[in-house]
Amino acid sequence: EAQVTQNPRYLITVTGKKLTVTCSQNMNHEYMSWYRQDPGLGLRQIYYSMNVEVTDKGDVPEGYKVSRKEKRNFPLILESPSPNQTSLYFCASSLFLRLDEQFFGPGTRLTVL
Amino acid sequence: AQKVTQAQTEISVVEKEDVTLDCVYETRDTTYYLFWYKQPPSGELVFLIRRNSFDEQNEISGRYSWNFQKSTSSFNFTITASQVVDSAVYFCALSEYGGTASKLTFGTGTRLQVTL
Numbered sequence: 691e692a693q694v695t696q697n698p699r700y701l702i703t704v705t706g707k708k709l710t711v712t713c714s715q716n717m718n719h720e721y722m723s724w725y726r727q728d729p730g731l732g733l734r735q736i737y738y739s740m741n742v743e744v745t746d747k748g749d750v751p752e753g754y755k756v757s758r759k760e761k762r763n764f765p766l767i768l769e770s771p772s773p774n775q776t777s778l779y780f781c782a783s784s785l786f787l788r789l790d791e792q793f794f795g796p797g798t799r800l801t802v803l
Numbered sequence: 037a038q039k040v041t042q043a044q045t046e047i048s049v050v051e052k053e054d055v056t057l058d059c060v061y062e063t064r065d066t067t068y069y070l071f072w073y074k075q076p077p078s079g080e081l082v083f084l085i086r087r088n089s090f091d092e093q094n095e096i097s098g099r100y101s102w103n104f105q106k107s108t109s110s111f112n113f114t115i116t117a118s119q120v121v122d123s124a125v126y127f128c129a130l131s132e133y134g135g136t137a138s139k140l141t142f143g144t145g146t147r148l149q150v151t152l
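Those sequence lines, one after another, are chains Y and E.
Residue numbers for the first sequence follow the numbering used here, so the first one is 691 and each next one is one higher.
Residue numbers for the second sequence follow the numbering used here, so the first one is 37 and each next one is one higher.
Excised from the complex, chain Y in its bound form (with noise of 0.2 Å):
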């Protein structure tokens, strides 16, 4: 079955304490992308990636990183988390150029207390 898969669901953490949320698809997509949804804003993007080491910065990269190593994976890094940073985040993957078939995981829903 195609999917994109996001690890954990749900998670509930502390100020500083560094955490990764895993990102993987099964469709050989090239583009990858991280978005965050918060009540009143919408999605917004955080980063993307075109391919296997092509990472750029979204709308609000600002606390996040990404990487990029192999083609199914797109780990979102958050190094030290900070309050303003609790929020529901989508992973997103689609054939390059092709956004019109974008594929979104479950979503992870972040605490940061």
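One should not assume that every hint holds.
To be verified - Covered stretches of chain Y (chain E as the covering partner; in silico rule of three or more C-beta atoms under 8 Å from a C-beta of chain E):
#, stretch
1, 729-741
2, 796-803
Unchecked claim - Think about it this way: if two alpha-carbon atoms lie no more than 30 Å apart in a straight line, the pair counts; the simulated DSS-like pairs of lysine-lysine are:
#, chain 1, residue 1, chain 2, residue 2
3, Y, K747, Y, K708
4, Y, K747, Y, K761
5, E, K74, E, K106
6, E, K74, Y, K761
7, Y, K747, E, K52
8, Y, K708, Y, K761
9, Y, K761, Y, K707
10, Y, K759, Y, K708
11, Y, K707, Y, K759
12, Y, K755, E, K74
13, E, K74, Y, K747
14, Y, K747, Y, K759
15, Y, K755, E, K39
If you're looking for bench data, these hints aren't it; they were derived computationally from the structure.
Each residue gets a CB set at the ideal place from its N, CA and C atoms; glycine is no exception.
Please build the complex by placing chain E on the supplied structure of chain Y, with the hints as guidance.
Chain E alone, transformed into the frame defined by chain Y:
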């Protein structure tokens, strides 16, 4: 820059009423895609429809219909005979096609509450 505006923050209707969710977009591109997603209380994003900028035909899928008008840069979504299960947050989104396309631009969402 791309922009999507969903001016309706929350809408409440009684079951069986028809409801229209508005979406207005801005883009400089002549080729683009428009989307609607549903986010039920469980949180996942459910894809509803994709429409490219060259296809202005309205679309109907069961109780759902979409009205795309390039002249007013709008892509409105109507639910006919609403049901409690339609209660969700609905997002309109826009993407460029090709070139340096890098993201979907989402509106802020409209929360629809359908009550008995």
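So, going through the hints one by one against the coordinates:
1. With 8 residues carrying a beta carbon less than 8 Å from a beta carbon of chain E, the stretch 729-741 of chain Y meets the three-residue requirement, and the given coverage holds.
2. With 3 residues having a beta carbon nearer than 8 Å to a beta carbon of chain E, the stretch 796-803 of chain Y meets the requirement of three or more and the stated coverage holds.
3. Restraint check for Y/K747 and Y/K708: satisfied, since their Cα atoms lie roughly 20 Å apart, inside the 30 Å limit.
4. The suggested pairing of Y/K747 with Y/K761 holds, with an alpha-carbon distance near 18 Å, which does not exceed 30 Å.
5. Between E/K74 and E/K106 the CA atoms are separated by roughly 23 Å; this keeps the pair inside 30 Å, and the hint holds.
6. The suggested pairing of E/K74 with Y/K761 holds, with an alpha-carbon distance near 28 Å, which does not exceed 30 Å.
7. Restraint check for Y/K747 and E/K52: not satisfied, since their Cα atoms lie roughly 44 Å apart, outside the 30 Å limit.
8. For the hint linking Y/K708 to Y/K761, the alpha-carbon distance of about 24 Å falls within 30 Å, and the restraint holds.
9. About 27 Å separates the Cα atoms of Y/K761 and Y/K707, which keeps this hinted pair within 30 Å; it holds.
10. At roughly 20 Å between alpha-carbon atoms, Y/K759 and Y/K708 fall within 30 Å of each other, so this suggested pair holds.
11. Between Y/K707 and Y/K759 the alpha-carbon distance is near 23 Å, which keeps this suggested pair within the 30 Å criterion.
12. This hinted pair checks out: Y/K755 and E/K74 have alpha carbons roughly 28 Å apart, not beyond 30 Å.
13. Simply put, E/K74 and Y/K747 have alpha-carbon atoms about 26 Å apart, close enough for the 30 Å limit, and the pair holds.
14. Restraint check: the Cα-Cα separation between Y/K747 and Y/K759 comes to about 17 Å, which is no more than 30 Å; the hinted pair holds.
15. Only pairs whose Cα atoms come within 30 Å are accepted, and Y/K755 paired with E/K39 is accepted, the gap being roughly 25 Å.
In terms of the numbered hints stated before, the structure departs from hint 7 and from no other.
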